[in-house]
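Residue-level listing of the chains:
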Amino acid sequence: MAAFLKEGKSMLLAYDQGLEHGPSADFNERNVDPAMIMETAAKGRFNGVVFQKGVAERFYDGRVPLIVKLNGKSSLVKGEPISRQVCSVEQAVSLGAKGVGYTIYLGSSSESEMFAEFGRIQEEAHARGLPAIAWIYPRGASVQSDTSKEVVAYAARTGLELGADAVKIKYTGDPASFSWAVRAAAGVKVFMSGGPKAPTDDDFIAQVRGVIQAGATGLAVGRNVWQNSDPIGMADKLRKVIFT
Amino acid sequence: MAAFLKEGKSMLLAYDQGLEHGPSADFNERNVDPAMIMETAAKGRFNGVVFQKGVAERFYDGRVPLIVKLNGKSSLVKGEPISRQVCSVEQAVSLGAKGVGYTIYLGSSSESEMFAEFGRIQEEAHARGLPAIAWIYPRGASVQSDTSKEVVAYAARTGLELGADAVKIKYTGDPASFSWAVRAAAGVKVFMSGGPKAPTDDDFIAQVRGVIQAGATGLAVGRNVWQNSDPIGMADKLRKVIFT
Amino acid sequence: MAAFLKEGKSMLLAYDQGLEHGPSADFNERNVDPAMIMETAAKGRFNGVVFQKGVAERFYDGRVPLIVKLNGKSSLVKGEPISRQVCSVEQAVSLGAKGVGYTIYLGSSSESEMFAEFGRIQEEAHARGLPAIAWIYPRGASVQSDTSKEVVAYAARTGLELGADAVKIKYTGDPASFSWAVRAAAGVKVFMSGGPKAPTDDDFIAQVRGVIQAGATGLAVGRNVWQNSDPIGMADKLRKVIFT
Amino acid sequence: MAAFLKEGKSMLLAYDQGLEHGPSADFNERNVDPAMIMETAAKGRFNGVVFQKGVAERFYDGRVPLIVKLNGKSSLVKGEPISRQVCSVEQAVSLGAKGVGYTIYLGSSSESEMFAEFGRIQEEAHARGLPAIAWIYPRGASVQSDTSKEVVAYAARTGLELGADAVKIKYTGDPASFSWAVRAAAGVKVFMSGGPKAPTDDDFIAQVRGVIQAGATGLAVGRNVWQNSDPIGMADKLRKVIFT
Amino acid sequence: MAAFLKEGKSMLLAYDQGLEHGPSADFNERNVDPAMIMETAAKGRFNGVVFQKGVAERFYDGRVPLIVKLNGKSSLVKGEPISRQVCSVEQAVSLGAKGVGYTIYLGSSSESEMFAEFGRIQEEAHARGLPAIAWIYPRGASVQSDTSKEVVAYAARTGLELGADAVKIKYTGDPASFSWAVRAAAGVKVFMSGGPKAPTDDDFIAQVRGVIQAGATGLAVGRNVWQNSDPIGMADKLRKVIFT
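Protein chains in written order, with the numbering used here: chain A, 54 to 297; chain B, 54 to 297; chain C, 54 to 297; chain D, 54 to 297; chain E, 54 to 297.
Rather than coming from a laboratory, the hints here were simulated on the basis of the structure.
Misleading hints may appear alongside valid ones.
For chains that are exact copies, the list does not tell them apart, and a pair is met inside one copy or across any two.
Claimed, not checked - Straight-line distance between alpha carbons at most 27 angstroms, and here's what the computed DSS-like set of lysine-lysine pairs gives:
hint, residue 1, residue 2
1, Lys-223, Lys-131
2, Lys-202, Lys-250
3, Lys-96, Lys-293
4, Lys-223, Lys-293
5, Lys-250, Lys-131
6, Lys-126, Lys-223
Start from the sequences and build out the full structure, keeping to the hints where you can.
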């Protein structure tokens, strides 16, 4: 994960919402344009930017280390979630990626397929010298709450067990409970998933402060930056909290 | 996509309806014959023609750049749609294809299988120097309307995220809402899907004008040309609207 | 298909009913023996004989060109039909096959699996210089009638679109409606599927006459020949109708 | 099948019940030990012995030709039966096998998967010079009786069509009806499946006599030998009936 | 299995509960740390330690022979259990493994997939000189009791039949019934699965004594050691019982 770390901490800019949620759910006329995101990643001095392969092919310009998300799904499909590989590790490398990402819906009835696919990806990524980053989202009929201390720690631990180099997980809401997830990850880098835009910048900053206080590596943020009226300003604020 | 563009615009002739809808739904004694379509593509000065491999093997004569559709299904199957690869990229190349097409039923419970298959095809097509064109049709029990601004833009965006070089999507009905899909595609060429025969030629021409006004690249048209009593005349009219 | 044609017409002897229907449904003490069929194929001057690989391994003697059926299922299984590949193209070639056959249950909920499998087989067969012949039977809960003009033409057209060299389809019942299927096949050789034993020889001969009149290539017949008390006599009658 | 035949007849000792039924259903303190079975096979002068790979690895000593069963399932699973390959042909060869066995549940909703898997195994076995022996058991919700003349003949015929060198099928109960299965097999060696322990030795001997009278090759017997208080004595009795 | 045996007996330390049960179900601030387990394995003089690949990558230090679990699932998924391969045999070897483990849910409706996957793993592991150890847990709607004499013996026997070098199974509760499982395993090394923490150390020791008395090789223990207030003390007690 060294490519994405600065003094052991990290701030990643995520931009796979166009596929995961659809453009109308999250984008406006400005941030629908991936060029604006690439610019924000560079000017906001992010430690990495996350794209699906199609966006990377057209808009990635090398100013910030690249993570290519290797799987994805639309939000239109209902029922137990499954997300399958749409980009090979080889292709990610050819796009300049320094890391690959993969989402696992922990607890889904298709969990086993994602476990197996991530298992193969992790080995191939490591063989090529890239870290494998797991987005681990507990979801499906059998998951009651995906932000409880127990479930979030389970997500973090799954990343460790399956050999992820970093996990992206939801915040539990307070540093004490989140620190249990960090402990469970046992050295795997923990990134908070930014989630929907918080009511105010301060609300979000407070969350990030809690995450860092809990011992996490940083966050992978999307909407709270590029939906902000001042993305670079927001990036500056976040950077201060993370790299204190 | 350069092989299919003229001044950045394009008019493709689609003819996979024999498989997708069946001959009795769309064909008459004249247009049931693929030779008539090949002739129309050439005389109507189309920028590309779309065939399944079987039709290409027997009727493609090289006068117009070829796109081979790599997957397909019949309309007899009910339930959540799935369309699987029936032609390899290698085979398409050997038939003279300058591009390959693939249909994704966005929102179908089998979406993940089509995502994964398109992911592999896109990489193989690019490795052989061919563009990968995605027909993206939101469909399945969870899709309310497949012509709403939100859903059409989602289809367009999916093409970008998955690395398509062009997308074929339905028209929303007005240029303002369709331009959102074009924005969401962020540089991926947008083609309107021609759809069923419009009541009058003027109705269809008006749609195409709106599509071009919205910034799209053009259209992939089938029934509105080869079901027309004067296909070449209709092609002339469309060409004027697209290449103005 | 040249190996199976004489003056552009053809009469094939089909004998996969032992697997598809079971021996007790269709066989008697005489025709249960594949040697009797091989003899009938030769003496009846058929243009081809259709066996599953096991029968070909033990009974095929080279006197008549061989088509090996590559997939099959028993009639015991209920629900949406699926028939999977049980013999490789390579194996068929090693058995002396000059063509391969594959059944597609059009409209079945497993249609996509058979489409994909036939797609691979078609390419491999062509690479080895063999024609790929598609048995296309519309079947499944969503298929109302499998002998209607529309559905039979859909079957024929599917063969064209998927790259079959010939299709074996059911008869619609009259030459006028069947000629629409022949048109839809657009050059793909059309064979009538013989079906169950007709009440009288004349009934069956009349069907075949209609099929030929409709422009088809011929028929693949089984029960109406080898269940006949005089198979060679019946073959002679059919030959006269087909090669007039 | 020459390795397993003596004057065209054969007596095989089957011992896969530990997996198929579980040790408590069929074994006692004596026959739970595979060494006792290996000893019985040798001393009882069987023409072959049937083991799963794990038993073969530990207990097979070469005194009797070996058939390795390549698939298996437990009796704990309910619903439509499926049995998948657990041992490669290559591995069977390395264990000293002179033949491979595979169970097909004819009529099961998973029939197509077993057909396809057996199809691949048959070709690989033949390529390595081994016969492929099919255990064909009609089973599943759509199978009324698995010992009727019609269903047993269907099982035998399926073996022929799929290219099996021998089939192991249930007895119909009388020689007349079983001879129809032998006819349907058309030269494929037919083995009676021994089934559960018969009430008396004479009952079982009578069955075997009927099987041989019907023209079958012999039987694959398990429980009726190794559950017998005098296994070698029973083997002697069976041998006399089979090799008369 | 020689690498994990001492005088034919063995005591393994299992630590895959972080994935199988989640950290909050089984771990506290101390044992959530894999380093504590590695230390316990070494200081407690275990004959082997069981890790998932991610834990092995970060914490395995070579002091104790390593078994890498090749599959896993979370406890969040409900319904018929399935656990798929997440680590290749090759990767396990590169991590220093001297053995590989795989869980089979015997009786699950997905049993056949795990049988087939274990079948391939067993052959690959043996080709590389590693034993394949099967965790065999009868589970699913059709399993009444997973500790009955019959079901536990079935689990043990399945290991033998599928070629496992050792099986990890639940204890039946008394030596007499457990010895039937040991007999059914017919030479395959039998390990008791430690299970949840017993009420008192003496309770657990009594179980282990019964297991050894029944002829088993030893146990794979987790929670009863590392949840103990004195893990090394508990290990000493167990060692005395096992290696008497």
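Going down the list of hints, with the structure as the test:
1. Taking the shortest alpha-carbon separations for Lys-223 and Lys-131, both the intra-copy value of 21 angstroms and the inter-copy value of 22 angstroms come in at or below 27 angstroms.
2. Taking identical chains as interchangeable, the C-alpha atoms of Lys-202 and Lys-250 lie at most 27 angstroms apart whether they share a chain (22 angstroms) or sit on different chains (23 angstroms).
3. Taking CA atoms no more than 27 angstroms apart as the test, Lys-96 paired with Lys-293 passes inside one copy only; the shortest distance there is 15 angstroms, against 44 angstroms between copies.
4. With identical chains, the CA atoms of Lys-223 and Lys-293 are at most 27 angstroms apart within one copy only, with a shortest distance of 21 angstroms there and 46 angstroms across copies.
5. Taking identical chains as interchangeable, the C-alpha atoms of Lys-250 and Lys-131 lie at most 27 angstroms apart only when both belong to the same chain, with a minimum of 23 angstroms there against 32 angstroms between chains.
6. Within a single copy, Lys-126 and Lys-223 get their C-alpha atoms as close as 19 angstroms, and across copies as close as 20 angstroms, so both meet the 27 angstroms cut-off.
Violated hints for the displayed structure: none, as all numbered hints are satisfied.
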